[in-house]
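Enquirer: One line per chain: the protein sequences are A and B, in this order. All letters in the first sequence, in the order written, are residues 64 to 129 by my numbering. All letters in the second sequence, in the order written, are residues 502 to 811 by my numbering.
Note that these hints are calculated values from the structure, not bench results.
Here are a few chain B residues that face chain A, going by a calculated C-beta distance under 10 Å:
1) K516
2) K518
3) E716
4) K717
5) L721
6) A725
7) V730
8) F732
9) A733
Virtual Cβ for every residue (Gly too), placed ideally from N, Cα, C.
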Amino acid sequence: MQIKLVIGEKVDLIEINNNNTVKDLLKNMDIAPETVVVKKNNCIVIDEELVEDGDLIEVIQVIYGG
Amino acid sequence: MNSCDKCGNPNIIIKKKQSGQKLCKDCFIKSTQNKVIKDIRKYKLIKKGDKILLGLSGGKDSVMLLDILNSLRKRNIIDIIAVTIDEGIHGYREEGVEIAVRNAKKLGVEHRVVKFKDYFGITLDEIIAKNTLKDGRRNACTYCGVFRRWIFNKVAREEGATKIATGHNLDDETQSIVMSYLEGNIHNLTRIGPKSEIKNKKFTIKIKPLREIPEKEIGLYVIAKELEVHFAGCPYAIESFRGEIKDFIKQLSNEHPTIMYSTLRGFDKIKTILKKEFSNKSIVMECEKCGEPSAAQLCKVCSFLESWKK
Ligand SMILES: [Zn+2]
Ligand SMILES: [Zn+2]
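The following block holds chain A by itself, in its conformation from the complex (with noise of 0.2 Å):
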């Protein structure tokens, strides 16, 4: 299935597995959860969340290490 991912300024249309979680999806991509925000069609949402076909997810930044 394919969802709609956005990440700062970049959009992409990415391919995933069913069945997905947000956390697996921040997994994949290598992205430690507690320094973002995650929005699935516009509304905040936890880790836990399932993404679903067609969703538009975007990741926002909100802490910045070291």
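Mind docking chain B with the ligands on chain A? Use the hints.
Expert: Quick look at chain B with the ligands alone, frame taken from chain A:
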């Protein structure tokens, strides 16, 4: 089934790892505001009639602090002057300044932008470019910290402010505690806390109302409230020991979500004793060049500036 612990709304935006509490957007915003106001009362950070100088960088912490303290201003409990320091960090600070200006304007809060260049004749970029680490210069955060403290203190007196409020959060405070321990800097430890003490009438009291709010929740708050915020990392942060400590605590927190709270609680318990034993009773004098309070004949700012003249 996930739903808000307070109102039952199925759209939750946070499940707190430390407590298991689940909250929807509105309840999260409300409970965060209540927590900050409660801490302000508990630690007696603000009293009616205070004029607060708020350090407004445009980053999430200071924008959230402005948002919450503004509710006290609207109720005529306090007055606020927002101050943005332009250190002169090219490609980073400009956007933060613009965002700070817009946030203050939106709320109708008095605002000043003050520049390193105007007060010291030099920008942070110039300081770093002119002195290399090999020549024994300190890391950028050291200079930045020293110069910022000087400016805040000076501007607070210029504006007749009674308190200086900064957006330091739980992560910052925990980092400071762990850093000071690891460096063996017990004197620095005695200065960590929600409110500074007045050692000299030229010093304005500093308060940290967000000290018990985790950084992640501050990020969540500003996005939930759709506040305009400058999300970016300072280009000089990579130079700092603090950055290493930050990564280290983050990593620990993954498996031990309460570790920052316990570090802070434990520290606050031993702080009174620490202060009794280690607070140095050095006399505070006035810098002979600039007149600001200082532990030596020249304050740190003036002695740095002098050393670069040679
Ligand atoms: Zn709720
Ligand atoms: Zn001086």
